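Chain by chain, the residues:
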Amino acid sequence: DGGITQSPKYLFRKEGQNVTLSCEQNLNHDAMYWYRQDPGQGLRLIYYSQIVNDFQKGDIAEGYSVSREKKESFPLTVTSAQKNPTAFYLCASSEAGGITEAFFGQGTRLTVV
Amino acid sequence: GNSVTQMEGPVTLSEEAFLTINCTYTATGYPSLFWYVQYPGEGLQLLLKATKADDKGSNKGFEATYRKETTSFHLEKGSVQVSDSAVYFCALSMGRRALTFGSGTRLQVQP
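From first to last, the protein sequence lines are chains A and B. Residue numbering for the first sequence follows my numbering, beginning at 1 and increasing consecutively. Residue numbering for the second sequence follows my numbering, beginning at 1001 and increasing consecutively.
In case anyone wonders, no lab produced these hints; they're calculated from the structure. Model, not experiment: these values are computed from the prediction. Be aware that one or more of the hints could be misleading.
[As the list claims (entries may be wrong)] Here are the computed distance ranges between Cβ atoms for each label pair:
id, chain 1, residue 1, chain 2, residue 2, range
1, B, GLN1110, A, LYS9, 47 to 53 Å
2, B, TYR1039, A, PHE12, 39 to 45 Å
3, A, GLN17, B, GLY1041, 22 to 28 Å
4, B, GLU1016, A, LYS57, 24 to 30 Å
5, B, LYS1056, A, GLY3, 37 to 43 Å
6, B, VAL1082, A, GLY40, 17 to 23 Å
7, A, PHE12, B, GLU1069, 22 to 28 Å
[As the list claims (entries may be wrong)] Below, simulated BS3-like cross-link-like pairs (lysine-lysine); rule was C-alpha separation at most 30 Å, straight line:
id, chain 1, residue 1, chain 2, residue 2
8, B, LYS1052, A, LYS9
9, A, LYS57, B, LYS1052
10, A, LYS57, A, LYS9
11, B, LYS1056, B, LYS1077
12, B, LYS1077, B, LYS1060
Idealized CB from N, CA, C, for every residue including glycine.
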């Protein structure tokens, strides 16, 4: 089945640690996105990539980093510089961005302990 | 910049009641508009979309019409079920940019 796979579903991080969230898609989509969702709030864009080896900052990129070395993969690293990382993280993909709809993964819930 | 405004929730309805969730947008140009639904602990699923003015998107009994004159894309359903309980997000897309989402509206349907 085609889709987007995020792993792990739950992740715990100690203060000062970097963690990497995985996002893989087999939909052959060019564009991929990372969003952050806080309780009772909407989605805020962290980073997006329209093509391999290229990505752009979204609205809340500080404290995060990404790479896009392969079309199907777009991992997100939450660095120690992110002061409030506890949130639900959603990865999405779409065909070349824009009019076509985005398809979402099941999300990763990150908790700082 | 582009933005989406949704009505505050939660919206609490009895089963078989009529549902309206308001959504208005601000954009330079003519965006595509979407409604997504999120069930607890899950990602978002596309519910319906409209890509130009006066288009009506529909799916699973839900409908929304793209109204350029009022910059709105209100979600409606004639008779809600308990299984419709979820969070609903309105979103817009312009060109090659990422989706811009509203803050979401939680719907609770009571039996």
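How the hints compare with the structure:
1. B/GLN1110 x A/LYS9: 47 to 53 Å: violated (30 Å)
2. B/TYR1039 x A/PHE12: 39 to 45 Å: The hinted range 39 to 45 Å is violated for B/TYR1039 and A/PHE12, with Cβ atoms some 24 Å apart.
3. A/GLN17 x B/GLY1041: 22 to 28 Å: Roughly 24 Å apart at Cβ, these two residues keep to the hinted range, so it holds.
4. B/GLU1016 x A/LYS57: 24 to 30 Å: violated (46 Å)
5. B/LYS1056 x A/GLY3: 37 to 43 Å: violated (28 Å)
6. B/VAL1082 x A/GLY40: 17 to 23 Å: holds (22 Å)
7. A/PHE12 x B/GLU1069: 22 to 28 Å: Violated - the Cβ-Cβ distance for A/PHE12 and B/GLU1069, about 50 Å, lies outside 22 to 28 Å.
8. B/LYS1052 x A/LYS9: Given pair B/LYS1052, A/LYS9 is violated - Cα atoms ~37 Å apart, limit 30 Å.
9. A/LYS57 x B/LYS1052: holds (28 Å)
10. A/LYS57 x A/LYS9: holds (24 Å)
11. B/LYS1056 x B/LYS1077: holds (13 Å)
12. B/LYS1077 x B/LYS1060: holds (9 Å)
When held up to the earlier numbered hints, the structure conflicts with 1, 2, 4, 5, 7, 8 and fits the remainder.
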